[in-house]
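Visitor: All chains should be modelled from the sequences, with the hints used to inform the complete structure.
Counting with this note's numbering, you get residues 1 to 226 for the letters of the sequence shown.
Do not rely on the hints blindly, as some may be mistaken.
Mimicking SDA-like on lysine to any residue, the simulated pairs with C-alpha atoms at most 25 Å apart in a straight line are [said to hold, decoys possible]: (1) K39 to F95; (2) K39 to L132; (3) K39 to D119; (4) K39 to I96; (5) K39 to T79; (6) K39 to V19; (7) K39 to P22.
No wet-lab data here; the hints were simulated from the structure.
Remember, it's a predicted structure, so these values are computed and weren't measured experimentally.
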Amino acid sequence: MDWTALFLSLQLAVATLLVLIPLALFAARRLAYSRFRGKAVVEALLAVPLVLPPTVIGYYLLVGFGSQSLLGRWMMEATGQQLVFHFSGLLLASFIVNIPFAVQPMQRAFEAIPQDIRDSAACCGMSYWRTLWQVELPLAWPGMVTAMVLSFAHTLGEFGVVLMVGGSLPGETKTIAISIYDRVQALDFTAAGQMSLVLLVFSVTVLALGNALSRRVGRRHGLPEL
Numbered sequence: 001m002d003w004t005a006l007f008l009s010l011q012l013a014v015a016t017l018l019v020l021i022p023l024a025l026f027a028a029r030r031l032a033y034s035r036f037r038g039k040a041v042v043e044a045l046l047a048v049p050l051v052l053p054p055t056v057i058g059y060y061l062l063v064g065f066g067s068q069s070l071l072g073r074w075m076m077e078a079t080g081q082q083l084v085f086h087f088s089g090l091l092l093a094s095f096i097v098n099i100p101f102a103v104q105p106m107q108r109a110f111e112a113i114p115q116d117i118r119d120s121a122a123c124c125g126m127s128y129w130r131t132l133w134q135v136e137l138p139l140a141w142p143g144m145v146t147a148m149v150l151s152f153a154h155t156l157g158e159f160g161v162v163l164m165v166g167g168s169l170p171g172e173t174k175t176i177a178i179s180i181y182d183r184v185q186a187l188d189f190t191a192a193g194q195m196s197l198v199l200l201v202f203s204v205t206v207l208a209l210g211n212a213l214s215r216r217v218g219r220r221h222g223l224p225e226l
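Guide: Take a look at the structure:
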């Protein structure tokens, strides 16, 4: 069992959530409540990681993060460290490919909040932040839980993008999915099976806990399950 790879995967999943969820929340709220020209195009662009093969996304990210790109050169000049084959590049790639898994559930949750409730909050003189914190977030919480669970589980199992951007550097970019692939390539099916089982049990547990929490909060506020 490659515990280093598993721990790195958990680190990547947690870091992705910490960066992604706050930004996705405001993007989802804006998409849910705003009407603007080009909204359909924006929603389509955000959903691209759902339909493109991971290797295609990984290729474009590899080019975009490389030393010849503006972002890659800026990173090298600012920190002396390249993005590709480094945890920072892996985190940025994970952020990008998980955008639809975070934005879409929260957008649907905000859209499910009745307009009358938001109008009532405005009539009571509640500010934007107070309305968001005390009214909208409690009602949209099931969607937020779904977004966090999907993003976390998807990060743990991501393979193509991780391999293209990060490679297989032990302790740096070698996640549990890459470690399983390496063990299969080495015909070590016992180790691959053990790691696959651990990842399966962990993923099912996370999904089950997230679904249970989402249903519980949804019943508390009388909302349909998302």
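Visitor: Does each hint hold? Answer for all of them.
Guide: Against the structure, the hints:
The suggested pairing of K39 with F95 holds, with an alpha-carbon distance near 21 Å, which does not exceed 25 Å. Only pairs whose Cα atoms come within 25 Å are accepted, and K39 paired with L132 is accepted, the gap being roughly 22 Å. A threshold of 25 Å between alpha carbons decides the hint, and for K39 with D119 the separation of about 23 Å falls inside it, so the pair holds. Distance restraint check for K39 and I96: the Cα-Cα separation of roughly 19 Å lies within the 25 Å cut-off, and the hinted pair is therefore satisfied.
Note on K39 and T79: the hinted pairing is violated, with a Cα-Cα distance of about 36 Å set against a maximum of 25 Å. Restraint check for K39 and V19: satisfied, since their Cα atoms lie roughly 24 Å apart, inside the 25 Å limit. About 20 Å separates the Cα atoms of K39 and P22, which keeps this hinted pair within 25 Å; it holds.
In this structure, only the earlier hint numbered 5 is contradicted, and the remaining ones agree with it.
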